[in-house]
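**Student:** Between the sequences and the hints, there should be enough to build the whole structure, so can you do that?
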Amino acid sequence: DAGVIQSPRHEVTEMGQEVTLRCKPISGHDYLFWYRQTMMRGLELLIYFNNNVPIDDSGMPEDRFSAKMPNASFSTLKIQPSEPRDSAVYFCASRLAGGFGELFFGEGSRLTVL
Amino acid sequence: KQEVTQIPAALSVPEGENLVLNCSFTDSAIYNLQWFRQDPGKGLTSLLLIQSSQREQTSGRLNASLDKSSGRSTLYIAASQPGDSATYLCAFNQAGTALIFGKGTTLSVSS
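Chains as they are written, first to last, in our numbering: chain A, 1 to 114; chain B, 1 to 111.
These are calculated hints, taken from the structure and not from any lab test. Some hints here could point you the wrong way.
[Claimed, not checked] If you want a taste of the chain A side facing chain B, the calculated C-beta under 10 angstroms gives, among others:
id : residue
1  : V4
2  : G101
3  : E102
Every residue gets a Cβ at the ideal spot worked out from N, C-alpha and C, and that includes glycine.
**Tutor:** Now the structure itself:
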């Protein structure tokens with residue numbers, strides 16, 4: 001299996017621009033998670049989905065952030081408009097519902113907002 | 001609020017030393033506890049997962065233990081090597097919920 005695939009790996013944009021991050025989870029996984037990592041705050045959960053349905057979006061910082069999962073193999077995280085404080089590494093992760101529930105991460109998308 | 005604390009934040013040891021990384025969590029009703037490794041600029045790689053009914057898991061030179069009553073987990077690394085240098089993160093979750101992460105311990109093993 002190719003693992004969790006994220007794109008782009010790096011994104012540099014200017015304040016006010018729209019940013020879209022993409023994620024392809026591991027095939028067959030029921031849960032998909034979006035996390036954000038910064039030096040100050042560590043890894044923070046933004047939102048997660050179960051069977052394509054958002055379960056908990058309480059970590060989404062503001063209305064500028066939105067996430068969708070139109071099907072089992074694709075999810076997007078959108079920031080509109082972006083701000084410098086959104087600069088971080090955004091990780092997508094997926095896991096199975098049952099069994100050990102081991103979480104698998106993508107390589108992350110490093111976002112820099114100037 | 002559920003929290004995970006990892007101590008120390010950074011650790012430097014000479015090659016060959018055995019070491020212990022500590023993790024404490026606020027909720028005894030955990031479902032899974034998972035240890036990850038993160039190399040600079042990379043994603044997180046799962047090392048060990050301990051279910052709530054288990055007390056420890058072992059993989060090679062790594063051993064993780066779980067004590068729910070005290071809210072603690074430890075990651076033991078035997079005979080450390082320079083290739084073990086990375087940040088180690090601990091995380092736990094309740095059934096059906098997302099993992100909550102500590103900020104990690106950055107380990108440096110010198111040759």
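**Student:** Of all the hints given earlier, name the ones this structure violates by number, lowest first.
**Tutor:** Checked against the structure, no hint fails, so every one of them is satisfied.
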